[in-house]
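Engineer: Using the sequences and the hints, build the whole thing.
For the record, in the sequence shown the residue sitting at position 281 is 282 according to our numbering, with numbers rising by one throughout.
Careful: at least some of the hints might be erroneous.
[Unchecked claim] Below 30 Å or equal to it, Euclidean Cα-Cα: the simulated BS3-like pairs (lysine-lysine) are:
| hint | residue 1 | residue 2 |
| --- | --- | --- |
| 1 | 365 | 218 |
| 2 | 365 | 344 |
| 3 | 230 | 84 |
| 4 | 207 | 270 |
| 5 | 290 | 236 |
| 6 | 291 | 84 |
| 7 | 207 | 344 |
| 8 | 360 | 327 |
| 9 | 207 | 85 |
| 10 | 84 | 322 |
| 11 | 327 | 230 |
| 12 | 55 | 87 |
| 13 | 207 | 68 |
| 14 | 291 | 327 |
| 15 | 322 | 236 |
| 16 | 360 | 68 |
| 17 | 327 | 85 |
| 18 | 218 | 236 |
| 19 | 322 | 360 |
For the record, the hints were derived by calculation from the structure and aren't laboratory data.
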Amino acid sequence: MGKNKKSMVVAGVVGSLLVLFFLTSCVSTSGTAMKTHQKGMSSITEEEYFTTKKPVDRAYIGCTWSKQFGPLEDPVAEEIEVKKEKSLSGIQQDFAYNLGVGLGGQTIAGPAAEIGASGGSVEKAKLSGLEIITPVSIADIAFEPGLPYITEALRLANFRIADEKSNKAGLNVGAGTAIGSVTATAGAGTQARRGTEGEGLVVAYKLHMIDSETYAKSESGNRTLELDKTVEFSKEGLFAKASLQLIEPGSGKSLPRNVIWSCPRAHAKSRDTVAAWVVELKSTDPRRKKTTIAFPAWPAIEDCQNYSGVIFSRIDPRTDKIIRQKISITLIDAEVSDAMKPKAWNTRIALVDESFNIKLVSPKDLE
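Structural biologist: This is the structure in structure tokens:
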């Protein structure tokens, strides 16, 4: 055999071995190389998530985050629509498992199959349902400069956490319970149980905040809002009009279904409200719906005479910026007569346009 032929044969064998090695290392998902890669990536992934001080069944999407207290709820904030997606990432599954295992256990496939933290490993007890909970539109989150907000939650589905009096937490599904049918319960509290139970277990949160270098704002300034007269914000393409509206059950006189009340107390007492000051906001953009904000006129509620909130938000796909519009309305003097007619009306309205990018907040950023 000539030297050229021998060289070709050797090169072919070496090439085949290299290709085989390459394919084996790429296709294998359970080999040492993949495990090493996942462990290395897991340490990076952990830096993106904040672990809960006490895992619960709530995602708290859109809430601000406190370094000391964790999620902080705003009772005035509107509810944010969220979506749930199942995670297929082995890195996220291992990360969530390692957090959940510290609570005392991990259920595996099957309604009665349970395994203790000391009785198995990640290989034995892979998660059957790790969910990623995020807002349908991240632009719905009421970002404010300088504050971190929860934008994602990792949730272990098909689990139930029970906080016993002995302070030993456990994850379990009852022997007769089908996976996925666990329901949230709350006990009254006895000597044996404190009654903290819920469906699912949120073990970690991801946070974002406004990138201050990209934040831009323009304000219209306070303008007088006269009764039954239209105020035009020509630059922003918005029209505002205020009126007094009587509410008579059964007479066909009522407020729109999607009305936004000026405060939670006004919303809670809306059924007892006989008359309301109504501010209608209409945009020249046909894609935007009319917004109606209501203030209780009679009976009046003193601490419900102000409203400030986001009336429109979207994401610009070209810049990834969140574009939003905020309105501020202040009733300085508003009163109705015994005949339910306007007696006094002195109101100011202001419009604010904002745009900004958001950035990921890591645990190191808040140390």
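Engineer: When you check the alpha-carbon spacing of residue 360 and residue 68, does it fall within 30 Å?
Structural biologist: holds, 18 Å
Engineer: For the pair we were handed, residue 365 and residue 218, check the Cα-Cα distance against 30 Å.
Structural biologist: holds, 29 Å
Engineer: For the pair supplied as a hint, residue 322 and residue 360, is the alpha-carbon distance within the 30 Å limit?
Structural biologist: holds, 11 Å
Engineer: Check the hint pairing residue 55 with residue 87 against an upper bound of 30 Å on the C-alpha distance.
Structural biologist: Given pair residue 55, residue 87 holds - Cα atoms ~23 Å apart, limit 30 Å.
Engineer: Within 30 Å, alpha carbon to alpha carbon, are residue 84 and residue 322?
Structural biologist: holds, 21 Å
Engineer: Could you grab the alpha-carbon distance between residue 327 and residue 230 and see if it respects the 30 Å cut-off?
Structural biologist: holds, 21 Å
Engineer: Decide if the proposed pair is consistent with the structure: residue 207 and residue 270, CA atoms, cutoff 30 Å inclusive.
Structural biologist: With Cα atoms ~36 Å apart, residue 207 and residue 270 exceed 30 Å; violated.
Engineer: Check the hint pairing residue 322 with residue 236 against an upper bound of 30 Å on the C-alpha distance.
Structural biologist: Within the cut-off at roughly 20 Å; holds.
Engineer: Keeping to a limit of 30 Å between CA atoms, is the pair of residue 218 and residue 236 held or broken?
Structural biologist: holds, 14 Å
Engineer: Between residue 290 and residue 236, is the straight-line Cα distance small enough, at 30 Å or below?
Structural biologist: holds, 18 Å
Engineer: Taking only the CA atoms, is the gap from residue 327 to residue 85 under or equal to 30 Å?
Structural biologist: holds, 28 Å
Engineer: Are the Cα positions of residue 291 and residue 327 separated by 30 Å at most?
Structural biologist: holds, 14 Å
The structure fails to meet hints 2, 3, 4 and 7 from the earlier list, while all remaining hints are met.
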